[in-house]
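Position chains B and C against the provided structure of chain A, taking the given hints into account.
The chain contents come next:
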Amino acid sequence: MTKKIIIIFLFSLGVSQIGYAQEAESLITAVNKKFSLVSDYKAKVLMKFALPGIRINTLSGKVFYKRPNKFRIRAKGIFFVPKDNPIKDIPKLLANTKAYTSVITGYATVEGQRCAVVNVIPLDPNLELIIGKFWIRVKDPLIYLSEITTKENGTIRTQNFYGNYNKYALPDKILIQIEMKKFKVPKLLAMDVKKKSKSKSVSKKSTGEIYMLMSDYKINTKLPNSVFTEK
Amino acid sequence: MPNAIEVKNITKKFGDFVAVNNLSFVVPEGQIFGFLGPNGSGKSTTLRMLLALITPTQGEIYYGDKELRSNRKEIMSQIGCIIEKPDFYTYLSAHDNLKLFARASDVSFTATDYKTVYELVGLKGRENDKVKTYSHGMKQRLGLAQALLHDPSIILLDEPNTGLDPKGIIELRELLIKLNKEQGKTILFSSHILSEVEELCDSLVVINEGKAVANGSVSDLLSNEDLLVDIEVENATECLQLLEGTEWKQYIKDSSGQTIRFNLAKEKISKLNQYLIENNIPLIASSYRKRLEDYFLRITQNKD
Amino acid sequence: MEFVRILKNELIKTIKKPRSFIGFGVVAFICLLLQAAFYNDGKEILSFVTGQLENSLTIEGQVLNGNLICFILLQTLIIQMPLLVALVTGDLVSGEIANGTMRFLLTRPASRSKILLAKWLAGVFYTLLLLAFLGVLALFVSRAIFGADDLIHINSEVLTVIQADDMNWRFVGAFGIAFLSLTVVATLAHFLSTVMDNSITPIVSTMAIIIIFTIIGMFDLPSFDILQPFLFTTHMISWKDMFEDPIPKADIINSCVILFAHIVLLLGASLYIFNKKDINS
Numbered sequence: 312m313t314k315k316i317i318i319i320f321l322f323s324l325g326v327s328q329i330g331y332a333q334e335a336e337s338l339i340t341a342v343n344k345k346f347s348l349v350s351d352y353k354a355k356v357l358m359k360f361a362l363p364g365i366r367i368n369t370l371s372g373k374v375f376y377k378r379p380n381k382f383r384i385r386a387k388g389i390f391f392v393p394k395d396n397p398i399k400d401i402p403k404l405l406a407n408t409k410a411y412t413s414v415i416t417g418y419a420t421v422e423g424q425r426c427a428v429v430n431v432i433p434l435d436p437n438l439e440l441i442i443g444k445f446w447i448r449v450k451d452p453l454i455y456l457s458e459i460t461t462k463e464n465g466t467i468r469t470q471n472f473y474g475n476y477n478k479y480a481l482p483d484k485i486l487i488q489i490e491m492k493k494f495k496v497p498k499l500l501a502m503d504v505k506k507k508s509k510s511k512s513v514s515k516k517s518t519g520e521i522y523m524l525m526s527d528y529k530i531n532t533k534l535p536n537s538v539f540t541e542k
Numbered sequence: 057m058p059n060a061i062e063v064k065n066i067t068k069k070f071g072d073f074v075a076v077n078n079l080s081f082v083v084p085e086g087q088i089f090g091f092l093g094p095n096g097s098g099k100s101t102t103l104r105m106l107l108a109l110i111t112p113t114q115g116e117i118y119y120g121d122k123e124l125r126s127n128r129k130e131i132m133s134q135i136g137c138i139i140e141k142p143d144f145y146t147y148l149s150a151h152d153n154l155k156l157f158a159r160a161s162d163v164s165f166t167a168t169d170y171k172t173v174y175e176l177v178g179l180k181g182r183e184n185d186k187v188k189t190y191s192h193g194m195k196q197r198l199g200l201a202q203a204l205l206h207d208p209s210i211i212l213l214d215e216p217n218t219g220l221d222p223k224g225i226i227e228l229r230e231l232l233i234k235l236n237k238e239q240g241k242t243i244l245f246s247s248h249i250l251s252e253v254e255e256l257c258d259s260l261v262v263i264n265e266g267k268a269v270a271n272g273s274v275s276d277l278l279s280n281e282d283l284l285v286d287i288e289v290e291n292a293t294e295c296l297q298l299l300e301g302t303e304w305k306q307y308i309k310d311s312s313g314q315t316i317r318f319n320l321a322k323e324k325i326s327k328l329n330q331y332l333i334e335n336n337i338p339l340i341a342s343s344y345r346k347r348l349e350d351y352f353l354r355i356t357q358n359k360d
Numbered sequence: 058m059e060f061v062r063i064l065k066n067e068l069i070k071t072i073k074k075p076r077s078f079i080g081f082g083v084v085a086f087i088c089l090l091l092q093a094a095f096y097n098d099g100k101e102i103l104s105f106v107t108g109q110l111e112n113s114l115t116i117e118g119q120v121l122n123g124n125l126i127c128f129i130l131l132q133t134l135i136i137q138m139p140l141l142v143a144l145v146t147g148d149l150v151s152g153e154i155a156n157g158t159m160r161f162l163l164t165r166p167a168s169r170s171k172i173l174l175a176k177w178l179a180g181v182f183y184t185l186l187l188l189a190f191l192g193v194l195a196l197f198v199s200r201a202i203f204g205a206d207d208l209i210h211i212n213s214e215v216l217t218v219i220q221a222d223d224m225n226w227r228f229v230g231a232f233g234i235a236f237l238s239l240t241v242v243a244t245l246a247h248f249l250s251t252v253m254d255n256s257i258t259p260i261v262s263t264m265a266i267i268i269i270f271t272i273i274g275m276f277d278l279p280s281f282d283i284l285q286p287f288l289f290t291t292h293m294i295s296w297k298d299m300f301e302d303p304i305p306k307a308d309i310i311n312s313c314v315i316l317f318a319h320i321v322l323l324l325g326a327s328l329y330i331f332n333k334k335d336i337n338s
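Residue numbers (the numbering used here), protein chains in the order written: chain A, 312 to 542; chain B, 57 to 360; chain C, 58 to 338.
Treat each hint with caution, since some may be false.
Stated by the list, open to error - With a straight-line cut-off of 35 Å between C-alpha atoms, the simulated DSBU-like cross-links for lysine-lysine are:
id : chain 1 : residue 1 : chain 2 : residue 2
1  : B       : K129      : C       : K100
2  : A       : K450      : A       : K462
3  : A       : K344      : A       : K355
4  : C       : K74       : B       : K186
5  : C       : K74       : B       : K129
6  : C       : K171      : A       : K353
7  : C       : K100      : A       : K387
8  : A       : K314      : A       : K450
9  : A       : K387      : A       : K355
10 : B       : K64       : B       : K267
11 : B       : K180      : C       : K100
Unchecked claim - Just some of the chain C residues that point at chain A, by a computed CB distance under 10 Å:
id : residue
12 : E59
13 : T115
14 : D335
No lab work stands behind these hints, which were simulated from the structure alone.
Note that the structure is a prediction, hence the values are computed from the model and not measured.
All C-beta atoms, glycine included, are put in the ideal place defined by N, C-alpha and C.
Next up, chain A with everything else stripped away, as it sits in the complex:
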């Protein structure tokens, strides 16, 4: 009897796993469908930075995107963007469904929305990507949270806040968190003879945040390629 219970349990676990994988695929398919509605877009952006060891003012600019992988932020002055840009990379990653497997590992609530936690694991172990984790809303799928882990740059966490452009999976606000070392230069090189060392023990690794407030999306306006290259 016990044997039977175990067999039934394992069978249903297997079935459920298959069910989770199928559900993950359908969620991703739904997200990709929304992504495919956007060939290109431009939008206004207000960027705020909270990067360890870096002080930079809020600045405004414009964001340009063109499928599959063209992305540019144009703003007056100097600013920082993540080296692995999730805004550009996630649609491209998820579009190539044959290159990865996906499975739901659980459920969570993000921004009051019930989301499935979908792990995306590349089939090719030589790729830069180790694992992608996505919190996708179950009802009317949208990616609310993502964690992309790469070999070289650690984990980039992106949180999306949606408003008027749900239909296109375009968020109103994006919060990107990146692992980075605290910026430090020797006193002598910085010619910092006046300054006394304020902190004796400083953590080398910490998290930087870039907050982007998006507005005034202009979608599918057939952006020329020159927008991404000219100075």
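Relative to the frame of chain A, chains B and C by itself:
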């Protein structure tokens, strides 16, 4: 007659070394005053104290009735000077140098005024050349120009003849006489050319080892001085034999070859010459050394 | 009016002196040399600092721009500018004494104090001219070559991006503080010039003092901690505070007060010594 300069008991010590020791003298107004002393006697130090370049350790200096340290600005506006060799800004022209000094002395010169000065000191045509191209004599002339720029009533000159050619020396002498006699300027004048001093100066002071060893009018100081008279004869032996037993023997100093040297008052020279001629001693030549030279050497070497 | 005349004389002498042109030549050479180097190899040079960020971030915008080049050139203030200033100001008094022109100058009616002050002012004016020349070359020529964009300012603890629109007034402040710093150097050289009788020793002594004080300021040793706040070399780089965000106003004011105090003390000492000095040459 008021005194242009009065030096009262000035002393200057550099550490333990006493360069000037309780020196006093007066420079009467309107005179050309000689300031003499051998090298290292304290002459330069005294001149620098007179110009407030050096502060006396003790003593006071008066210009008229005004003490130097308390009235420096007023006094210096009335003094023109050359101290040691004249030095200028060699990267500037002579004209630029003079303009600098004129501005420092609050003197406004027109182009004509400058032209007159250059003509007066013999630098006409060279005023726009850089001073680094000047010879020593030309610098001396330029030095004179800067000393006279502001029409001072007192002129202090430290060896102004140095580097001048004979023509320049004569021109300088004539200029100083003119400045003194026609314009009433008081001139304190130091030189190693004692003939010039004897000729030009009304009075003088001689210092040695920081102290005054002689002070007064030239005529008074030299009135009792005998001359060194050299008589050159054809036969000195015959001449000496003639003079043996006469009053002239006491004046014989020494003899060498055909020349016999006498210590004589000036008025006796003609009488000696006449005596020799009357006694058939053929004279070749008769000359006498400058009195001041002898006087100077005597008093500065402590001879009597 | 007398002082104005004397000052005019001193300005003419200082400007026309051949050695005064050396400073301008050296500044021009260094600026143009560094600008050429950055034009050719700027990105490689910058990657030494920005490299540690490029693991996780991409820097957008024109990092290598005229504002950054000007900022880098200002760093040379600690090295060659004090020497070039001392080269002229260290000669103002002792040079004239050695040349013999001082005795002619001091036999004019003007007081020694006025003459010395005029010389000091002429030295300060020369410092201002030299710094302005550096400013024109470092800022305007750099901007003409490299353009103008935000400035990445680095100290040992934080990297600050300062917006281009904010740069002009910061540079004005920085140059102002730099001028005060170099005035201290000029006053120090001027003071040493009143003490010594040749023109080389004040210049060498000024540089020696700057080097020694800078070394003392660099080391975090308890023995030096008491001295460091009062050394003028500690405050000579206060101009960099103009590029902090927020600007540490209290620190800047403190530095300016210390620098100003140095000027007053050194100038006062110069006046005292010069008025008592025997001119023997």
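Each hint, compared with the structure:
The straight-line distance between the Cα atoms of K129/B and K100/C is roughly 64 Å, outside the 35 Å bound, and the hint therefore fails. A distance of roughly 33 Å separates the Cα atoms of K450/A and K462/A; the hinted pair therefore holds under the 35 Å criterion. Restraint check for K344/A and K355/A: the C-alpha separation of about 24 Å stays at or below 35 Å, so the hint holds. Taking the CA atoms of K74/C and K186/B, the gap is about 13 Å. The hint holds against a cut of 35 Å.
For the hint linking K74/C to K129/B, the alpha-carbon distance of about 28 Å falls within 35 Å, and the restraint holds. Between K171/C and K353/A the alpha-carbon distance is near 70 Å, which puts this suggested pair outside the 35 Å criterion. Of the pairs offered as hints, the one joining K100/C and K387/A holds, with about 20 Å between alpha carbons and a cut-off of 35 Å not exceeded. For the given pair, K314/A sits about 38 Å from K450/A by alpha-carbon distance, which is inconsistent with the 35 Å threshold.
In summary, the hint linking K387/A to K355/A is supported, as the alpha carbons are separated by about 13 Å, within the 35 Å threshold. A C-alpha spacing of about 12 Å is found between K64/B and K267/B, which places the hinted pair at or below 35 Å, so the restraint holds. Straight-line distance between C-alpha atoms of K180/B and K100/C comes to about 63 Å, which puts the hinted pair past the 35 Å bound. With 10 Å as the threshold, the beta carbon of E59/C stays out of range of chain A, its nearest partner Cβ sitting at about 43 Å, so the hint is violated.
With its C-beta approaching chain A no nearer than about 5 Å, T115/C sits inside the 10 Å limit, and its interface hint holds. Because the beta carbon of D335/C sits about 41 Å from the nearest beta carbon in chain A, more than 10 Å, this interface hint is broken.
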